[in-house]
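From first to last, the protein sequence lines are chains C and D.
Residues 1 to 115, numbered by the numbering used here, are exactly what the first sequence covers, in order.
Residues 1001 to 1111, numbered by the numbering used here, are exactly what the second sequence covers, in order.
Simulated from the structure, these hints should not be mistaken for laboratory data.
Incorrect hints may appear among the rest.
As the list claims (entries may be wrong) - List of simulated lysine-lysine pairs, DSSO-like, C-alpha gap at most 30 Å: (1) C:Lys71 - D:Lys1069; (2) C:Lys57 - D:Lys1098; (3) D:Lys1058 - C:Lys70; (4) C:Lys70 - D:Lys1078; (5) D:Lys1098 - C:Lys9; (6) D:Lys1042 - D:Lys1098; (7) D:Lys1098 - C:Lys71; (8) C:Lys9 - D:Lys1078; (9) D:Lys1057 - C:Lys14.
Stated by the list, open to error - Okay, the calculated beta carbon distance ranges per label pair: (10) D:Pro1026 - C:Ala56: 19 to 29 Å; (11) C:Ser18 - D:Asn1067: 42 to 52 Å; (12) D:Gly1079 - C:Ala82: 43 to 53 Å; (13) C:Thr7 - D:Asn1067: 22 to 32 Å; (14) C:Pro108 - D:Glu1005: 34 to 44 Å; (15) D:Ser1108 - C:Met41: 39 to 49 Å; (16) D:Thr1051 - C:Leu22: 18 to 28 Å.
Quick caveat: nothing in here was measured; it's all calculated off a predicted structure.
Cβ coordinates follow ideal geometry from the N, Cα and C atoms, glycine included.
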Amino acid sequence: NAGVTQTPKFRVLKTGQSMTLLCAQDMNHEYMYWYRQDPGMGLRLIHYSVGEGTTAKGEVPDGYNVSRLKKQNFLLGLESAAPSQTSVYFCASSYRTSPPRDEQFFGPGTRLTVL
Amino acid sequence: ILNVEQSPQSLHVQEGDSTNFTCSFPSSNFYALHWYRWETAKSPEALFVMTLNGDEKKKGRISATLNTKEGYSYLYIKGSQPEDSATYLCAFRASYDKVIFGPGTSLSVIP
């Protein structure tokens, strides 16, 4: 199993450009998440999905959109990149448990720089 | 606003020393407390999931305790080794959409 994979690993954008980050998991997990990680701060949740076709906002959703058309994929889009979106982006997935207690499995991260 | 704190921010210990760090979290709406280990240039990996007050978990030389009533968890490493060098994250889970990560404790073990 590949686990959680992210594409691309690195990207440099100019202000105003758009891009999509792809997350894929092969563990049949229901939940998927997008986080950003900035120096001195913990992982902050951008958006998440509790199942195919559903998405919801996390702690820092502004400037991002997401889609989950297939259970195994979770896409993060930046429509008009800003320097404040320079960060390392991590995708994660987990099983659905009730109550929600399961550990998250993380991808390797995407380092994005916006000039 | 849910806030998760970790202390210390960073720690340097000699090989063979034992060490511990703290995660503080809200004492209400508790579902779970996770500990993750995050090595440089890698992804966070789960160490423990703790769900009940008084829980104690152990994996090799690493153990953790949980006090949900007062809102803290301790992570202990016995006889630290250089390969233990990493950032240790705790994550407080209040619901399926409320997972708050702490800023992490960075551990360096000096050979």
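Hint check results:
1. C:Lys71 - D:Lys1069: Cα-Cα ~37 Å, so violated.
2. C:Lys57 - D:Lys1098: holds, 11 Å
3. D:Lys1058 - C:Lys70: violated, 37 Å
4. C:Lys70 - D:Lys1078: violated, 44 Å
5. D:Lys1098 - C:Lys9: holds, 27 Å
6. D:Lys1042 - D:Lys1098: holds, 24 Å
7. D:Lys1098 - C:Lys71: holds, 21 Å
8. C:Lys9 - D:Lys1078: Measuring from Cα to Cα gives roughly 35 Å; hence the hint is violated.
9. D:Lys1057 - C:Lys14: violated, 47 Å
10. D:Pro1026 - C:Ala56: 19 to 29 Å: holds, 21 Å
11. C:Ser18 - D:Asn1067: 42 to 52 Å: holds, 46 Å
12. D:Gly1079 - C:Ala82: 43 to 53 Å: Hint holds: Cβ distance 47 Å, inside 43 to 53 Å.
13. C:Thr7 - D:Asn1067: 22 to 32 Å: Check failed, 41 Å falls outside 22 to 32 Å.
14. C:Pro108 - D:Glu1005: 34 to 44 Å: Violated - the Cβ-Cβ distance for Pro108 (chain C) and Glu1005 (chain D), about 27 Å, lies outside 34 to 44 Å.
15. D:Ser1108 - C:Met41: 39 to 49 Å: violated, 20 Å
16. D:Thr1051 - C:Leu22: 18 to 28 Å: Violated, since Thr1051 (chain D) and Leu22 (chain C) (Cβ atoms, about 33 Å apart) do not stay within the stated range.
Hints 1, 3, 4, 8, 9, 13, 14, 15, 16, counting from the list given before, are not met by this structure.
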